[in-house]
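Asks: Spelled out from the first residue to the last, the chains are:
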Amino acid sequence: MASPSLMDTLFQRTLDDIIKGLRHQQAGESAFISKVVEEIRREIKSTDLHTKSIALQKLTYLNSIYFIDMSWAAFHAIECISSPNFSHKKVGYLAISMSFNESTSVILLITNQLRKDLKSNNEFEVSLALDCLSRIGTADLCRDLTPEVFTLLSSSKVFVRKKAIGVVLRVFGKYPDAVRVCFKRLVECLDGTDPQIVSAVVGVFCELASKDPRSYLPLAPEFYRILVDSRNNWVLIKVLKIFAKLAPLEPRLAKRVVEPICEHMRRTGAKSLMFECIRTVVTSFTDYESAVKLSVAKIRDFLVDDDPNLKYLGLHALSIIAPNHLWAVLENKEVVIKSLSDDDPNVKLESLRLVVAMVSESNVVEICRVLVNYSLKSDPEFCNEILGSILSKCCQNVYEIIVDFDWYVSLLGEMSRIPHCQKGEEIENQLIDIGMRVKDVRPELVRVGRDLLIDPALLGNSFLHRILSAAAWVCGEYVEFSRKPVELVEALLQPRTSLLPPSIRTVYIQSAFKILIFCLHSYLLQRENIADDMASEMLGLKSQGECSGSSALVAGKAPARQEQDEGFNPRDSNKSYEDLSIINEGDVSALLEKGFTHESIVNLLNLIELALGPLSGSPDVEVQERSKNVLGFVDLIKQEISNGFVSERASKIIDMVHDAFTEELGPVSVNAQEKVPIPDGLMLKESLADLDAICGNVQLPSSISFSMGSPFGESVGASVSIPQSKEESEPSSESTSLLAEHRKRHGLYYLPSEKNETLANDYPPANDPKSSDNTNDDAQDLVKLADKSLLPKRRSNHAKPRPVVVKLDEGDVVPFIAKKSDTRDDLLSDAVRDILLGNVAKTASSQSIISDKSSSKRKGKEKLNVDLPESREILGVEKPDLGNPSSRRSKHRSHGKEKSRKSPEKKNSDEIGDGEKEKQKSRHRHGRHKTKQRAEGPLNVAAQTPVIPDFLL
Amino acid sequence: MIKAVMVINTQGKPRLAKFYDFLTVDKQQELIRSVFGVLCSRAENVSNFMEADSIFGPDSRLVYKHYATLYFVFVFDTCENELAVLDLIQVFVETLDKCFRNVCELDIVFNYSKLHTILDEIVFGGQVLETSSAEIMKAVEEISKLEASSNSITLVPKTVSGWRNR
Chain A
1 MASPSLMDTL FQRTLDDIIK GLRHQQAGES AFISKVVEEI RREIKSTDLH
51 TKSIALQKLT YLNSIYFIDM SWAAFHAIEC ISSPNFSHKK VGYLAISMSF
101 NESTSVILLI TNQLRKDLKS NNEFEVSLAL DCLSRIGTAD LCRDLTPEVF
151 TLLSSSKVFV RKKAIGVVLR VFGKYPDAVR VCFKRLVECL DGTDPQIVSA
201 VVGVFCELAS KDPRSYLPLA PEFYRILVDS RNNWVLIKVL KIFAKLAPLE
251 PRLAKRVVEP ICEHMRRTGA KSLMFECIRT VVTSFTDYES AVKLSVAKIR
301 DFLVDDDPNL KYLGLHALSI IAPNHLWAVL ENKEVVIKSL SDDDPNVKLE
351 SLRLVVAMVS ESNVVEICRV LVNYSLKSDP EFCNEILGSI LSKCCQNVYE
401 IIVDFDWYVS LLGEMSRIPH CQKGEEIENQ LIDIGMRVKD VRPELVRVGR
451 DLLIDPALLG NSFLHRILSA AAWVCGEYVE FSRKPVELVE ALLQPRTSLL
501 PPSIRTVYIQ SAFKILIFCL HSYLLQRENI ADDMASEMLG LKSQGECSGS
551 SALVAGKAPA RQEQDEGFNP RDSNKSYEDL SIINEGDVSA LLEKGFTHES
601 IVNLLNLIEL ALGPLSGSPD VEVQERSKNV LGFVDLIKQE ISNGFVSERA
651 SKIIDMVHDA FTEELGPVSV NAQEKVPIPD GLMLKESLAD LDAICGNVQL
701 PSSISFSMGS PFGESVGASV SIPQSKEESE PSSESTSLLA EHRKRHGLYY
751 LPSEKNETLA NDYPPANDPK SSDNTNDDAQ DLVKLADKSL LPKRRSNHAK
801 PRPVVVKLDE GDVVPFIAKK SDTRDDLLSD AVRDILLGNV AKTASSQSII
851 SDKSSSKRKG KEKLNVDLPE SREILGVEKP DLGNPSSRRS KHRSHGKEKS
901 RKSPEKKNSD EIGDGEKEKQ KSRHRHGRHK TKQRAEGPLN VAAQTPVIPD
951 FLL
Chain B
1 MIKAVMVINT QGKPRLAKFY DFLTVDKQQE LIRSVFGVLC SRAENVSNFM
51 EADSIFGPDS RLVYKHYATL YFVFVFDTCE NELAVLDLIQ VFVETLDKCF
101 RNVCELDIVF NYSKLHTILD EIVFGGQVLE TSSAEIMKAV EEISKLEASS
151 NSITLVPKTV SGWRNR
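If you're matching them up, the sequences are chains A and B in order. Under the working numbering, think of the first position of the first sequence as 1, with each following residue one higher. Under the working numbering, think of the first position of the second sequence as 1, with each following residue one higher.
Hints were generated in silico from the structure; no laboratory data involved. Careful, some of the hints might be misleading.
Stated by the list, open to error - Straight line, CA to CA, 25 Å or less: simulated SDA-like cross-link-like pairs of lysine to any residue: (1) Lys145/B <-> Glu528/A; (2) Lys211/A <-> Pro58/B; (3) Lys116/A <-> Ala139/B; (4) Lys98/B <-> Val158/A.
What the hints assert, rightly or not - Calculated from the model, a selection of chain B residues having no Cβ within reach of chain A, i.e. all distances over 12 Å: (5) Ile55; (6) Tyr67; (7) Thr69; (8) Phe100; (9) Arg101; (10) Asn102; (11) Val103.
Claimed, not checked - Stretch by stretch, here's where chain B covers chain A in the computed footprint (C-beta under 8 Å, at least three residues): (12) 66-73; (13) 84-91; (14) 166-173; (15) 304-316; (16) 335-348; (17) 449-458.
Think of the CB as a built atom: it goes at the ideal place given N, C-alpha and C, for glycine as much as any other residue.
Go ahead and model the full structure; you've got the sequences and the hints to work with.
Replies: Here it is as structure tokens:
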């Protein structure tokens, strides 16, 4: 744009001009906007309200469409609303409701203007003020304006009254004490005849009840009346939502309400109401067989409907009901499974959830097979959804539904080979977890791990790295089940491992180390066995003749061997040695090729040396350190066994390291840490507080700074200031000894250190899934699945019994810190309770007004009002008031209960107008009281005369 | 409770954005962007619901309707019914149609404040107070009349367009 022309400065641009201007700007939009904002800043200071309001309007527009900050114009907005001109006011109010918030400093300046407008004769001005209050009301504003809102609640103009009802929600939320003033009137509005009013007030109660349903139980009869009488779908939906919250709190209420809901379901043609009825039943009325049946029938209508919305909602409803009534899902399984291939991602997701919900012990194999096959054909996102849901379903409750762990482990391996798989972390965790928990599956686990490790192609996929890390860990940890440990070492050290991130390489190195130790140890054992058993014979052969120590598995290919393999339990190495020695006698020559020979050991050592050599210079400390450790060890051993003899020293070392590695790692409870008592004198926080001081000192070129690592920051900090080396060494040694002691005492809770360290460092296990069993169920048709696998077959006797799955004491299944559903002693619910229960002190007078009112309003019920104690009883239904500050109140309540017990029958008959329903209702209420009584029995205390408004009657 | 109402065109430009809880403009912009990101990736003829938990927090639902070049989007919580809100969008659009006679995107672009007036009659502080488009029209017309009469008091139009239109 050219420089500001005369027109620009003399005449103000309107919002329309700005919009047009913006539409003509293709590229320079932001420049144009900043120019306009500059103009606005100038114009808005004008004393002419018209100019000001137009500037403000433009600014509001830019704020909401172009996200320009307008908080700086807060005061100008206030000036606009004080204009007598309606359109200025309107612009101002819009600006305020868009831009003000709790932290706006000038917000209190609008209190008076709001009050003035709330009292205005012009209903539209009132409406503007109400709208503004409903958007920005703060505690202060709400407190100051409560009287005006109260007045407006009984306005004769529906247009105003419905908005006043709407604003009450905000007022209650911000200033709970307003309940004492306004609640009564709000409740009266429920009786109104004007549909707009009823709709508004039901909406408010729906919001209120969603936060604290218990407080609104006493109003149930009002809602019930609306439920039965109203024909306005919008209102009915809201009432249903209220009942969905109330019903679970009070079984008798549910009983009463379920029939009318079914009635609506049968009657209505409106899908929205229908869906709400269904949802209400499936969430809160799952115990009512007939209602559930009816809604499942209606759900089916939704599912077969062409409208994708209904289909989606139908599936959604099914997934709500699935935990309680799985049959409903099974009945509709064809549709559900077909929906897996729907175009709509929502529908696909819902149906996936349902398919997974149908998974049980008996069909997990088939369903997972189908899902995995299907995931191969899906887009990456959905593929991962599928994998994720399989993983989380299967690991539920410590692998509850898995019987055949060999199958599952190979499934995990298979899943990791799916091209889109990004679930590395979960698979990693499960592989390791299963390895630790399920002993029997370890051989399969090692096999799966080996298949993964050995495939160089997998190293290129970064999503698989974590799985590979698990595979490496498993193979190292459970190497005794491996048939060819040497092959594993080769796999772990293959050149392409350079593609792995350092953290995982360290796992590889450590695993290779563990396998090496295993091989050496086996070699030693062989020698010993042979020496013992066949001393004379074998002497000549020396090192040559020894064969597979711990594992006959090593020699798996030799036919003679295989028989043996089956014969012994591979985990019991002693036994296997015995077996072996027998074999050795019989078939020495066959073993010569398969077992560890002196050459094979030397080759192994050379291989490791060769592969790790370059890593000792790795820039990553962890990789460097570990490879150096291994190299050092290899070096040592090499010297000791150089001539085919294994020196005493070497075998001792090998034995020791082997012992270190063989100690089994068990799963650790997530809560273990909490169980460690804090030792006396350990003040964690205190030391932390000194961290600053220490850090400050670190800056100094003091030689001491390295001792920072000491947990006793304090002493270190002190020592720093004293430049004597003596001092510095002391505190740290003290700390180490303390630590060592602590570790000794509570070793259980420490991460395995030193020897175990290797184990702990490594991660999770990988799996390899291509067991031959799996191959036969090829791509099954999805729908076929429906027929076959989803039928809850009664389980064929499993070929194998389910292996033992180690569980931890309490904490195995996710440490749920059971959140106390703290009976939110929210001020608001308190206030509401006060009102509904009647707070004696305060409401004594208003009390009578209420009862008067209700009596006059509802004829035929006066008796109830006469009999005050009885009416109280209903209030007893209220919440078991936890932490309710007013002990007085609870006293009343229990008192009321006592009395109610005496006369419930009478009361009921009084109360009932006519008709079956009414009777049921009262019976129900009566019952409710009883339960409450029981629950609150211990609260009984001497009572005072309670005056309680009975909204129920 | 309605949490937000948005009208976004198919290019991702917001035409109307109303959030019933205060949000900073940056946050608003971010939300609109992420909503549009998902909307434009959805095929035609799929359901009108969108998973919104990741954008608006747990228990949020989002319903949208696509008319010509515009997406009408309502975000709400568990206190509303999805299908009812879908109907509400219909009411909103019908009302716009009545107001502007065959409403098109341009009408919405140029009638920013009227749009707000209409929406405020339907949704009041997050609550749906009116679902009948006749009632809405009645109120909106009254308000427009009132605005017009209060503006006409200004005798000399100060604005450029007002001047040009004379």
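Asks: Look at each hint and say if it fits the structure.
Replies: Hints, verified against the model:
Between the alpha carbons of Lys145/B and Glu528/A the distance comes to roughly 107 Å, so the proposed pair goes past 25 Å and is violated. As the CA atoms of Lys211/A and Pro58/B are separated by approximately 15 Å, the hinted pair is consistent with the 25 Å bound. Proximity of Lys116/A to Ala139/B is assessed by CA-CA distance (about 22 Å); at most 25 Å being required, the pair is judged to hold. Of the supplied pair hints, the one linking Lys98/B and Val158/A holds, its CA atoms being roughly 23 Å apart against a limit of 25 Å.
Listed as a non-interface residue, Ile55/B keeps its Cβ farther than 12 Å from every Cβ of chain A; the least gap is roughly 14 Å. With 12 Å as the threshold on Cβ separation, the claim that Tyr67/B sits away from chain A holds: the shortest Cβ distance comes to roughly 16 Å. The claim that Thr69/B is not at the interface with chain A holds, since no C-beta of that chain comes within 12 Å of its own (minimum 14 Å). Its beta-carbon lying about 15 Å from the closest one in chain A, Phe100/B satisfies the requirement of being farther than 12 Å from that chain.
The claim that Arg101/B is not at the interface with chain A holds, since no C-beta of that chain comes within 12 Å of its own (minimum 19 Å). Distance check on Asn102/B: its Cβ is at least 20 Å (rounded) from any Cβ of chain A, clearing the 12 Å threshold; non-interface status holds. No Cβ of chain A approaches the Cβ of Val103/B within 12 Å, the least distance being about 16 Å, so the stated non-interface status holds. For the region 66-73 of chain A, the proposed coverage by chain B is satisfied: 3 residues have a C-beta within less than 8 Å of a C-beta in that chain, meeting the threshold of three.
Coverage of a stretch by a chain is defined here by at least three residues with a beta carbon nearer than 8 Å to that chain's beta carbons; for the region 84-91 of chain A and chain B the count is 6, and the condition holds. For the region 166-173 of chain A, the stated coverage by chain B holds: 4 residues have a C-beta nearer than 8 Å to a C-beta of that chain, and at least 3 were required. Restraint check on the region 304-316 of chain A versus chain B: 5 residues with Cβ-Cβ distances below 8 Å, three needed, restraint holds. Here the region 335-348 of chain A counts 5 residues with a CB under 8 Å from a CB of chain B, which clears the bar of 3, and the coverage holds.
Figure legend: the region 449-458 of chain A, annotated as covered by chain B; annotation inconsistent (0 residues with Cβ-Cβ distances under 8 Å, at least 3 required).
Going through the hint list in order, the structure does not satisfy hints 1, 17.
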